[in-house]
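> Okay, here's what each chain looks like letter by letter:
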Amino acid sequence: MKKWQRKDLVGLENLTREEIELILSTAESFKEVSTREIKKVPALRGKTVVNLFYEPSTRTRVSFEVAAKRLSADVITIATETSSVKKGETLIDTGRNIQALKADIIVVRHNCSGAATMLARHVDISVINAGDGWHEHPTQALLDIFTLKEKYGKIEGLKVSIVGDIAHSRVARSNIWGLTKLGAKVSVCAPKMLVPVAIEQMGVRIANDIDDALKDANAVNVLRMQFERDEGTAFPQQMEYFKNFGITRERLEKAKKDIVVMHPGPLNRGIEISSAIADGANSVILEQVTNGIAIRMAVLYLVAGTKN
Amino acid sequence: MKLLIKNGRVVDPANKRDEICDILVSDGKISKVANNISCQGCRTIDATDKIVMPGLVDMHVHLREPGREDQETIASGTQAALKGGVTSLLAMPNTTPAIDCAKHAGLLKKIIRNDAAANVLICGTITQGRAGRKLVDITQLGKAGAVAITDDGASVDDQRILLTALKQAGKGGLLLICHCEDKGLSVNGEVNLGIASTRMGLRGISQESEYLRVQRDIDLANKANARIHIAHVSCKETVEIIAKAKKKGVKVSAEAAPHHFALTEEAVYGFDTNMKMNPPLRAREDAEAIKKGLKDGAIDAIASDHAPHTENEKDIEFERANFGVIGLETELAVSISELINTGVLDWPQLVCKLSLSPARILGIDKGTLGPGRSADIIVVSPQKQWVVEKDKFISKSQNSAFIGRTLRGVVEYTIVEGKVAYQLK
Amino acid sequence: MTFREKAKIMDKEAMERAIKRIAHEIIERNKGIQDLAIVGIRNRGAYLAERVAAFIEDIESIKVPVGILDITLYRDDLTAVAEQPQVHKTEISFDITDKKIILVDDVLYTGRTIRCALDALVDFGRPKYIQLAVLVDRGHRELPIRADYIGKNVPTALKETVQVLLREVDKKEEVVILEQGDA
Chain U
1 MKKWQRKDLV GLENLTREEI ELILSTAESF KEVSTREIKK VPALRGKTVV
51 NLFYEPSTRT RVSFEVAAKR LSADVITIAT ETSSVKKGET LIDTGRNIQA
101 LKADIIVVRH NCSGAATMLA RHVDISVINA GDGWHEHPTQ ALLDIFTLKE
151 KYGKIEGLKV SIVGDIAHSR VARSNIWGLT KLGAKVSVCA PKMLVPVAIE
201 QMGVRIANDI DDALKDANAV NVLRMQFERD EGTAFPQQME YFKNFGITRE
251 RLEKAKKDIV VMHPGPLNRG IEISSAIADG ANSVILEQVT NGIAIRMAVL
301 YLVAGTKN
Chain H
1 MKLLIKNGRV VDPANKRDEI CDILVSDGKI SKVANNISCQ GCRTIDATDK
51 IVMPGLVDMH VHLREPGRED QETIASGTQA ALKGGVTSLL AMPNTTPAID
101 CAKHAGLLKK IIRNDAAANV LICGTITQGR AGRKLVDITQ LGKAGAVAIT
151 DDGASVDDQR ILLTALKQAG KGGLLLICHC EDKGLSVNGE VNLGIASTRM
201 GLRGISQESE YLRVQRDIDL ANKANARIHI AHVSCKETVE IIAKAKKKGV
251 KVSAEAAPHH FALTEEAVYG FDTNMKMNPP LRAREDAEAI KKGLKDGAID
301 AIASDHAPHT ENEKDIEFER ANFGVIGLET ELAVSISELI NTGVLDWPQL
351 VCKLSLSPAR ILGIDKGTLG PGRSADIIVV SPQKQWVVEK DKFISKSQNS
401 AFIGRTLRGV VEYTIVEGKV AYQLK
Chain E
1 MTFREKAKIM DKEAMERAIK RIAHEIIERN KGIQDLAIVG IRNRGAYLAE
51 RVAAFIEDIE SIKVPVGILD ITLYRDDLTA VAEQPQVHKT EISFDITDKK
101 IILVDDVLYT GRTIRCALDA LVDFGRPKYI QLAVLVDRGH RELPIRADYI
151 GKNVPTALKE TVQVLLREVD KKEEVVILEQ GDA
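Residue numbers (my numbering), protein chains in the order written: chain U, 1 to 308; chain H, 1 to 425; chain E, 1 to 183.
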């Protein structure tokens with residue numbers, strides 16, 4: 001198989017199918033490490049990983065921290081509240097300062113789309129995108145795909161529906177790129193104003209309604225509805241959303257028996273998904289969390305080897 | 001002082017000339033256009049295999065002075081203009097202070113007199129401080145030297161104000177230029193509303209935000225029976241609306257910027273902030289419609305919308321970066337590469353779009369090589385290749401959308417009022 | 001750089017005899033197979049481990065546990081190589097604590113691979129002891145490591161390479177010495 005050549009991982013949009021498969025197979029090997037009594041290997045001993053988070057995040061940040069530590073890297077986390085970001089330092093300056101500290105990898109979470117791409121262009125060290133605006137969240141999509149592959153053995157030919165606020169979702173975009181590159185058939189389902197224009201040009205189908213999205217689907221990826229987001233346009237009411245798009249037992253009864261239910265977390269129980277489903281037999285939500293560590297270990301390991 | 005330009009292909013659509021001949025210049029004016037002119041002791045430029053044409057008249061340039069001399073000045077901007085073959089340009093009034101009264105126009109005039117290396121025409125605002133609320137004194141602005149008015153960067157939302165402005169500008173002989181954008185519809189957009197905004201996860205700027213406003217402004221002009229000029233046309237619906245209005249006899253003219261016909265929204269995918277401008281790069285069909293509009297006359301002029309920004313304002317997160325790209329030094333080459341070499345326009349047509357039409361729209365005596373006219377001439381190697389390089393710009397800013405591109409067409413000489421103001425080294 | 005075959009040092013039969021002998025020696029030295037487990041180092045060591053286990057089963061009629069160790073993550077040259085070597089799974093499904101571990105590899109050379117393997121193994125538990133079995137010992141040690149069971153000692157030059165070919169991977173059974181040179 002081809003070796004990994006990229007300094008950075010900023011998104012799945014530019015990756016080839018082979019590169020995505022390499023990350024997935026590497027993650028398979030790393031998953032075993034977390035099952036050991038001593039959950040640590042020395043692969044990144046002496047490397048420094050900086051988590052640069054401009055947006056509050058617990059899950060992704062902790063997941064990256066655990067992944068880096070299991071690889072024996074040193075991890076430093078910079079969150080906006082405690083950094084000089086508030087003093088107006090630009091992202092590039094912050095990046096260059098981190099580089100001057102002789103860190104090896106920056107894991108960046110930012111509220112602006114394209115921030116990771118821009119940072120990667122301006123520093124020589126590796127940049128991993130931990131979510132930029134509405135643009136991409138590649139490691140989340142990779143762990144979703146990894147989880148699906150564990151269930152079905154392959155991605156090619158699977159029918160996957162993504163339900164929720166597609167327009168504002170980096171998880172949706174990364175999943176669409178990754179899944180379509182691997183040959184899955186992807187549908188999206190959302191209230192009309194949350195379906196971005198020309199989304200079909202990304203190779204997906206727009207489902208008519210939630211039942212249409214679930215029908216024949218092998219998996220459904222339920223996005224978190226962020227009602228705190230106020231774009232000034234008519235955002236749906238919470239209860240109305242649950243009524244029309246919520247994943248419930250009644251709806252799943254009409255779907256395939258073994259449909260896999262995913263959610264990137266944190267859950268809004270009773271809004272996008274009912275508790276019975278979130279905790280039920282079809283849910284793989286906690287496996288996703290476990291697999292997230294393996295994916296992030298794999299990505300850290302791969303980019304760490306590409307110092308130019 | 002006499003100057004002889006020999007053996008060039010003289011393209012002068014105003015006089016229906018497109019032939020190899022000589023031009024003799026004396027005392028800043030064109031004195032003779034003929035074959036085999038000889039002139040003892042004259043400075044002679046050999047223009048064999050070159051195009052000799054009137055200097056470009058760029059009716060949409062942000063020179064930033066006064067106020068933002070770190071981005072551009074009258075001096076640096078006009079030097080950049082000369083390199084790009086632009087001998088006359090209209091300076092946009094969104095400076096600090098804005099050119100919204102005779103006093104500010106006078107201030108600008110003084111800087112121009114001292115620093116300008118090319119003809120700089122003054123443009124005033126439509127409303128005070130470009131705030132859209134209170135009309136400026138158009139008569140006074142005209143007396144102070146303004147040839148046009150615009151609130152460029154913003155549209156005049158209030159229809160009553162725009163209607164009055166159209167009428168007064170018409171009476172005073174000033175051109176009213178509209179930046180057509182309904183900010184309520186473009187809602188903080190960053191890129192074209194379409195596959196670009198969807199792929200990149202950015203807010204989109206809809207086509208409607210432009211063309212609905214174009215329709216409204218044209219209707220108002222029609223009602224006022226006044227002239228109107230539409231700035232930086234970016235989408236196909238706009239081209240169609242303008243074509244229709246022209247057919248109906250409305251006194252409308254329009255310009256397009258080179259980036260809007262040479263580039264499409266795909267160029268933005270890599271989050272390159274040098275591809276961020278307003279209006280945004282649109283879809284392929286829009287770029288094609290603009291080319292077609294240039295060919296069939298819906299669009300009269302090519303203007304750069306030269307908008308310099310410092311590195312600090314551009315080399316930041318895409319959403320935070322300023323809109324705008326520079327264009328003075330590339331507009332001729334981009335036009336040759338994209339319009340001549342693809343067969344969209346022939347040379348006389350291109351010279352119309354770049355020189356003659358904008359001069360006529362602005363009502364200035366430029367864009368022609370007739371005897372007795374002012375000698376603003378450029379000599380161009382039409383097929384010479386060059387690569388656009390960031391550190392080669394004369395402009396104070398380097399935010400070009402064409403960095404790294406290979407273009408054809410190099411300005412060898414720029415002659416302003418009979419003097420060689422720029423010569424390629 | 002190209003390599004050409006200099007000599008064949010073991011054929012299929014010789015390899016089988018050597019592995020069988022090693023199996024006997026393991027049983028003899030450990031006084032039976034109580035608490036014995038075999039761990040092969042990826043890639044070819046893993047197949048050799050299976051074969052040793054199969055011979056032991058032939059002799060003792062009991063299958064000893066077999067595991068596979070991937071030592072990539074423990075390599076001491078990770079920062080030196082241009083790209084990350086591909087990581088494969090480690091598969092040790094039994095508890096190695098208090099076990100007598102026989103570590104198996106195809107060729108013993110500098111000893112660095114074995115050093116990595118020892119590091120990796122102790123992360124899985126605390127074995128009673130670890131012994132090392134190799135099919136070929138070609139010398140040139142860079143670390144104080146020696147094998148307990150050796151199929152064949154082969155003196156080599158530094159510019160030579162010893163290649164063990166196995167039917168599971170290479171569709172061929174032999175051990176050859178390659179030397180640098182024009183093809």
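It should be emphasised that the hints constitute simulated quantities derived from the structure, not laboratory data. Keep in mind that the hints are not guaranteed to be accurate.
[Stated by the list, open to error] Below, a list of computed lysine to aspartate or glutamate pairs in the EDC-like style, where the Cα atoms sit at most 20 Å apart:
| hint | chain 1 | residue 1 | chain 2 | residue 2 |
| --- | --- | --- | --- | --- |
| 1 | U | 31 | E | 123 |
| 2 | U | 192 | U | 211 |
| 3 | E | 89 | U | 156 |
| 4 | U | 40 | E | 91 |
| 5 | E | 89 | U | 212 |
| 6 | U | 40 | E | 76 |
| 7 | U | 40 | E | 173 |
| 8 | E | 89 | U | 37 |
| 9 | U | 39 | E | 76 |
| 10 | U | 39 | E | 95 |
| 11 | U | 39 | E | 119 |
| 12 | E | 89 | U | 211 |
| 13 | U | 40 | E | 77 |
| 14 | U | 149 | U | 124 |
| 15 | H | 6 | H | 19 |
| 16 | U | 31 | E | 91 |
| 17 | E | 89 | U | 21 |
| 18 | E | 100 | U | 37 |
| 19 | E | 89 | U | 28 |
| 20 | U | 39 | E | 174 |
| 21 | U | 39 | E | 170 |
| 22 | U | 7 | E | 50 |
| 23 | U | 3 | E | 91 |
| 24 | E | 128 | U | 209 |
| 25 | U | 31 | E | 95 |
| 26 | U | 69 | E | 95 |
| 27 | H | 236 | H | 285 |
| 28 | U | 243 | U | 212 |
| 29 | U | 40 | E | 174 |
| 30 | U | 7 | H | 288 |
| 31 | U | 40 | E | 95 |
| 32 | E | 89 | U | 19 |
| 33 | U | 69 | E | 123 |
| 34 | U | 192 | H | 208 |
> Look at each hint and say if it fits the structure.
So, going through the hints one by one against the coordinates:
1. U/31 with E/123: 15 Å, holds
2. U/192 with U/211: 15 Å, holds
3. E/89 with U/156: 23 Å, violated
4. U/40 with E/91: Measuring from Cα to Cα gives roughly 16 Å; hence the hint holds.
5. E/89 with U/212: Between residue 89 of chain E and residue 212 of chain U the Cα gap is close to 40 Å, so the pair fails against 20 Å, i.e. violated.
6. U/40 with E/76: It holds: about 16 Å lies between the C-alpha atoms, which stays within 20 Å.
7. U/40 with E/173: Violated, at roughly 37 Å.
8. E/89 with U/37: Judged against 20 Å, a Cα distance of about 16 Å means the pair holds.
9. U/39 with E/76: 19 Å, holds
10. U/39 with E/95: Roughly 15 Å between the alpha carbons, so the hint for residue 39 of chain U and residue 95 of chain E holds.
11. U/39 with E/119: Since the Cα atoms of residue 39 of chain U and residue 119 of chain E sit roughly 13 Å apart, the hinted pair holds (cutoff 20 Å).
12. E/89 with U/211: With a Cα-Cα distance of about 40 Å, the restraint between residue 89 of chain E and residue 211 of chain U is violated, given a limit of 20 Å.
13. U/40 with E/77: 18 Å, holds
14. U/149 with U/124: 33 Å, violated
15. H/6 with H/19: 12 Å, holds
16. U/31 with E/91: 11 Å, holds
17. E/89 with U/21: With Cα atoms ~15 Å apart, residue 89 of chain E and residue 21 of chain U stay inside 20 Å; holds.
18. E/100 with U/37: Judged against 20 Å, a Cα distance of about 19 Å means the pair holds.
19. E/89 with U/28: At roughly 7 Å apart (the allowed maximum being 20 Å), residue 28 of chain U and residue 89 of chain E satisfy the hint.
20. U/39 with E/174: 38 Å, violated
21. U/39 with E/170: Judged against 20 Å, a Cα distance of about 34 Å means the pair is violated.
22. U/7 with E/50: 39 Å, violated
23. U/3 with E/91: 23 Å, violated
24. E/128 with U/209: Cα-Cα ~62 Å, so violated.
25. U/31 with E/95: With Cα atoms ~18 Å apart, residue 31 of chain U and residue 95 of chain E stay inside 20 Å; holds.
26. U/69 with E/95: Violated. Residue 69 of chain U to residue 95 of chain E sits at ~24 Å, over the 20 Å cutoff.
27. H/236 with H/285: 7 Å, holds
28. U/243 with U/212: 15 Å, holds
29. U/40 with E/174: Violated: residue 40 of chain U and residue 174 of chain E sit about 37 Å apart, past 20 Å.
30. U/7 with H/288: Distance of about 37 Å is beyond 20 Å: violated.
31. U/40 with E/95: 17 Å, holds
32. E/89 with U/19: 19 Å, holds
33. U/69 with E/123: Roughly 15 Å between the alpha carbons, so the hint for residue 69 of chain U and residue 123 of chain E holds.
34. U/192 with H/208: 19 Å, holds
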